[in-house]
Amino acid sequence: MPELPEVETVMRGLEPHMTGRRIISARISGKRLRHSWPEGFAARLEGGRVERLRRRAKYMLWDLDTGETVLCHLGMSGRFTVWPGTQDVPEALGAFYFHGPSEREPGPHDHLILTLEDQTRIAYTDPRRFGFFDLMAREDVGNHPALARLGPEPLGPGFTPAYMARALRGRRGAVKTALLDQAVVAGLGNIYVCEALFRAGISPRRQAGGIAPSGRPTARLERLVTAVREVLLEAIAAGGSTLRDHARVNGEAGGFQQHFAVYGREGEPCEGCGRPVQRIVQGGRSTFFCSHCQK
DNA sequence: CGGGACTCCTGCCAGC
DNA sequence: TGCTGGCAGGAGTCCC
3 MPELPEVETV MRGLEPHMTG RRIISARISG KRLRHSWPEG FAARLEGGRV ERLRRRAKYM
63 LWDLDTGETV LCHLGMSGRF TVWPGTQDVP EALGAFYFHG PSEREPGPHD HLILTLEDQT
123 RIAYTDPRRF GFFDLMARED VGNHPALARL GPEPLGPGFT PAYMARALRG RRGAVKTALL
183 DQAVVAGLGN IYVCEALFRA GISPRRQAGG IAPSGRPTAR LERLVTAVRE VLLEAIAAGG
243 STLRDHARVN GEAGGFQQHF AVYGREGEPC EGCGRPVQRI VQGGRSTFFC SHCQK
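Convert by adding 2 to the 1-based position in the first sequence; the result is the number in my numbering.
Note that these hints are calculated values from the structure, not bench results. Think of the CB as a built atom: it goes at the ideal place given N, C-alpha and C, for glycine as much as any other residue. Don't take each hint at face value.
[Claimed, not checked] Quick list of in silico lysine to aspartate or glutamate cross-link-like pairs, DMTMM-like style, CA-CA up to 25 Å:
id : residue 1 : residue 2
1  : K33       : D112
2  : K297      : E224
3  : K297      : D183
4  : K297      : E273
5  : K297      : E236
[To be verified] Computed Cβ-Cβ distance ranges for the label pairs, DEER-style:
id : residue 1 : residue 2 : range
6  : R14       : M78       : 16 to 22 Å
7  : A255      : P86       : 17 to 23 Å
8  : D120      : A150      : 33 to 39 Å
9  : E232      : A45       : 41 to 47 Å
10 : G276      : T21       : 44 to 50 Å
11 : R208      : G109      : 41 to 47 Å
12 : P110      : R277      : 43 to 49 Å
13 : M78       : N252      : 17 to 23 Å
14 : G175      : E119      : 47 to 53 Å
15 : G217      : F132      : 32 to 38 Å
16 : I282      : E53       : 41 to 47 Å
Take these sequences, add in the hints, and give me the full structure.
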């Protein structure tokens, strides 16, 4: 699920339920996710009021009035589900994650369940356990190892053709691999890199440094920056992409997967030229592209 | 510093 | 029907 648009969708879904509310109970599965749970994690959340939700790249942050900030990454399969306090647990989701509205016993892949002061319940579910939570003083957030070396936000002012020219100059690896490097630009994943390269008409196999030989912006870089921004904004507007499960906190699917031009479409006709979309492997991960439309 | 291989974990699907 | 291998939206570590 989670690249930048999916994390943004989840955060927007959680915001109206969490912002301004106090956490009265936090329960963790105790199972190790990508990292061990921080010392005293649940106890340090309980009693805290959520002041603000933020996103940085694929990370979500919850600022609490205790002075601490929760850092969360969804990994590959992490998702949040919300049950507003005034509402019954939805039937379908209840069967899947909880055993019933009264019991609300956690399912096997629920790792964190919050209860807020108005009885809203928020569950974090993650079968593969590649996600993680951390907790730190708010002023230390920027120094957290996961955040300290991230590149600019692709939807922020720092992501420009001039920046990309400097960032890619001299890189000998493929441009596709460079765009997945969170130190180059923070928040892109496999789907949106494939889609952006298709829109920009750039071959994923092209050498990254070859797009910016002089370290100055080029027409290709202009197209790339524009394509990345457009694909992300469209995906956010569609509520993200849902491949195997729901991305949104109310259980509804995102819709952007309907708009994939190349991702997951090996063998299907390219919407530009009709030739079959190809799949190759780069850095151990699938790349989908059209070798005719992308040069 | 760059980059490829490998790793963590479970679920799902195609193919036999 | 049932098993097996491959693959999946991420990212850290190790090694060259």
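We went through each hint and held it up to the structure:
1. A hinted pair counts as satisfied when its Cα atoms are at most 25 Å apart, and K33 with D112 qualifies at roughly 10 Å.
2. Restraint check for K297 and E224: the C-alpha separation of about 15 Å stays at or below 25 Å, so the hint holds.
3. Our distance criterion of 25 Å between C-alpha atoms is met by K297 and D183, whose separation comes to about 21 Å.
4. Proposed proximity of K297 and E273 is supported: the alpha carbons are some 16 Å apart, at most 25 Å.
5. For the hint pairing K297 with E236, the CA-to-CA distance comes to about 24 Å; that is within 25 Å, so the pair holds.
6. Between R14 and M78, the C-beta spacing of about 21 Å keeps the proposed range 16 to 22 Å intact.
7. Taken as a hint, the range 17 to 23 Å holds for the pair A255 and P86, whose Cβ atoms sit roughly 19 Å apart.
8. For D120 and A150, the hinted distance range of 33 to 39 Å is satisfied, since their beta carbons lie about 36 Å from each other.
9. At roughly 44 Å, the beta-carbon separation of E232 and A45 lies within the given 41 to 47 Å, and the hint holds.
10. The given range of 44 to 50 Å is respected by G276 and T21, whose C-beta atoms sit roughly 48 Å from each other.
11. Take R208 and G109: their Cβ atoms lie about 45 Å apart, and the range 41 to 47 Å holds.
12. Our hint of 43 to 49 Å for P110 and R277 holds, since their Cβ atoms are close to 45 Å apart.
13. The hint said 17 to 23 Å for the Cβ distance between M78 and N252, and at roughly 21 Å that hint holds.
14. Distance hint check for G175 and E119: the Cβ-Cβ separation is about 50 Å, which falls inside the suggested range of 47 to 53 Å.
15. For G217 and F132, the Cβ-Cβ distance of about 36 Å falls inside the hinted range of 32 to 38 Å, so the restraint holds.
16. Distance hint for I282 and E53: a CB-CB separation of about 46 Å, consistent with the stated range 41 to 47 Å.
Hint compliance for this structure: every hint is met.
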